[in-house]
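S.K.: Could you build all of it, start to finish, from the sequences and the hints given here?
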Amino acid sequence: MRRRLVVQAVFWIATYIALAIAPLVLLKLGEVPPGREYWRELSVALGFAGLTMLTLQFALTARFRSIKAPYGADVIYHFHRQISLVTFGLILAHPLLLFIFSPATLGLLNVLAAPWRARLGVLAVLLLLGLILTSVWRKRLAIDYSAWRIWHGLLATGIVALAMGHIILARHYLNQPWKQAIWVAYGLFWAGLLVYVRIIKPILLLRRPFVVERVTPERGAAWTLVLRPDGNPGFGFMPGQFAWLTAGRSPFAEAEHPFSFSSSAADTGRIAFTIKELGDFTRTIKDLRPGQRVYVDGPFGHFSVDRQPHAAEYVFIAGGVGITPIMSMLRTLADRVDVRPLLLFFASKDWDSVTFREELETLIPRLNLKIVHVLEKPPAQWDGERGFLSQAVLEKHLPKEWDRNAIEVFLCGPPPMMAAVEQALLKLGVPLGDIHSERFNLV
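Going letter by letter, the sequence shown gives residues 1 to 443 in the numbering used here.
Treat the hints with care, as some may be off.
[Claimed, not checked] Here are the simulated DSBU-like pairs of lysine-lysine, each with C-alpha atoms no more than 30 Å apart in a straight line: (1) 201 with 68; (2) 370 with 396; (3) 377 with 349; (4) 400 with 349; (5) 377 with 276; (6) 68 with 276; (7) 427 with 370; (8) 201 with 286; (9) 276 with 286; (10) 349 with 139; (11) 139 with 68; (12) 396 with 377; (13) 201 with 139; (14) 139 with 377; (15) 286 with 349; (16) 396 with 427; (17) 400 with 427; (18) 427 with 377; (19) 349 with 276; (20) 349 with 396.
Honestly, the hints are just simulated from the structure, not real lab data.
M.R.: Quick look at the structure:
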């Protein structure tokens with residue numbers, strides 16, 4: 001499986017690079033406008049590259065499983081965020097080079113007197129700046145997640161449309177039909193993605209609804225939402241994966257939220273999510289009623305023991321509600337009667353907030369499982385690990401000898417904890433390729 005995923009990863013990276021630079025290569029072929037300075041040519045090249053990469057952003061967020069499979073959704077979304085900043089820099093460099101080397105072009109900023117090609121370009125850059133700022137500072141600006149998703153999509157669509165209009169009206173390097181066809185193809189590609197995401201995908205979800213079977217409270221201010229397919233066979237998933245949940249709204253609405261499965265992948269008759277009450281949508285989970293219809297888009301993610309079937313042993317490290325995908329893996333391994341050694345580090349605030357505390361104990365006799373609880377605020381008679389999950393605690397309980405690919409580590413929890421644990425594992429000699437993490441910082 002690893003070899004296949006590596007081949008897929010290389011293929012998609014090569015495809016992305018090829019699509020990003022193809023317009024630059026093709027537009028330089030054939031007849032080009034004569035007598036243009038190098039800096040002006042560079043400015044145009046950067047603008048074309050930025051717009052091409054901007055259209056590719058739609059593909060990165062369209063949830064194509066084949067694209068996400070080699071990397072995992074969290075990696076793709078992280079790349080989406082970072083490459084957005086690069087794209088913005090390329091697009092911004094396009095007018096800045098013109099202003100620096102030809103100050104007279106500053107007059108194009110006067111949208112009342114400037115030609116329409118300049119007006120569209122200026123507006124596209126301003127909207128792109130707004131999109132970047134509202135995305136990077138969404139939480140700081142206290143922007144509601146659902147409202148942000150709606151405006152993010154509208155701004156992105158408007159930016160690409162305005163930029164396409166800017167290129168068509170400027171006409172540089174579009175003086176031949178085949179060159180015009182290149183940008184028509186990119187425009188159709190972009191429009192096709194919008195149709196798929198906004199129309200086709202919701203229709204498919206409408207044909208595969210789920211209904212609420214029950215909602216049960218869990219320790220740690222969490223709720224388990226159990227769903228069953230409604231008039232359809234549902235779908236299978238790998239333990240540890242996640243899906244996007246829409247409850248109380250149509251799948252055409254921008255009201256999806258990502259959550260990990262907590263149920264066993266062996267239970268094909270229902271699926272379950274365990275969701276911590278943190279605010280916004282999560283505080284409404286307890287209000288869902290049996291029989292209420294919901295929609296589930298999934299599965300997604302690479303965080304699963306099924307992607308590492310060769311391992312002789314698994315180590316799980318969870319912090320707080322990060323136990324959810326790990327619980328799915330433990331339940332699945334128990335249902336499969338897996339006898340491989342399993343080690344779980346579970347960091348929690350206190351003993352009463354340990355989610356799945358009682359069920360974890362029942363899994364010990366069903367699995368070859370050792371559990372190490374680490375409590376920040378332990379009770380008076382606690383004789384286990386105290387404080388935070390440190391390198392010393394890990395070293396105390398981890399296997400003393402580590403063979404590459406023989407022991408696989410799965411880590412999920414709050415971002416600061418995950419960063420600290422990853423560094424500790426590397427210092428203890430755990431190979432980077434044996435550490436698998438799941439971060440839900442998707443937006």
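S.K.: State for each hint whether it applies.
M.R.: Structure-based check of all given hints:
no., hint, in the structure
1, 201 with 68, "holds, 17 Å"
2, 370 with 396, "holds, 13 Å"
3, 377 with 349, "holds, 6 Å"
4, 400 with 349, "holds, 28 Å"
5, 377 with 276, "holds, 20 Å"
6, 68 with 276, "holds, 26 Å"
7, 427 with 370, "holds, 23 Å"
8, 201 with 286, "holds, 27 Å"
9, 276 with 286, "holds, 10 Å"
10, 349 with 139, "holds, 24 Å"
11, 139 with 68, "holds, 26 Å"
12, 396 with 377, "holds, 20 Å"
13, 201 with 139, "holds, 28 Å"
14, 139 with 377, "holds, 29 Å"
15, 286 with 349, "holds, 22 Å"
16, 396 with 427, "holds, 14 Å"
17, 400 with 427, "holds, 14 Å"
18, 427 with 377, "holds, 27 Å"
19, 349 with 276, "holds, 14 Å"
20, 349 with 396, "holds, 21 Å"
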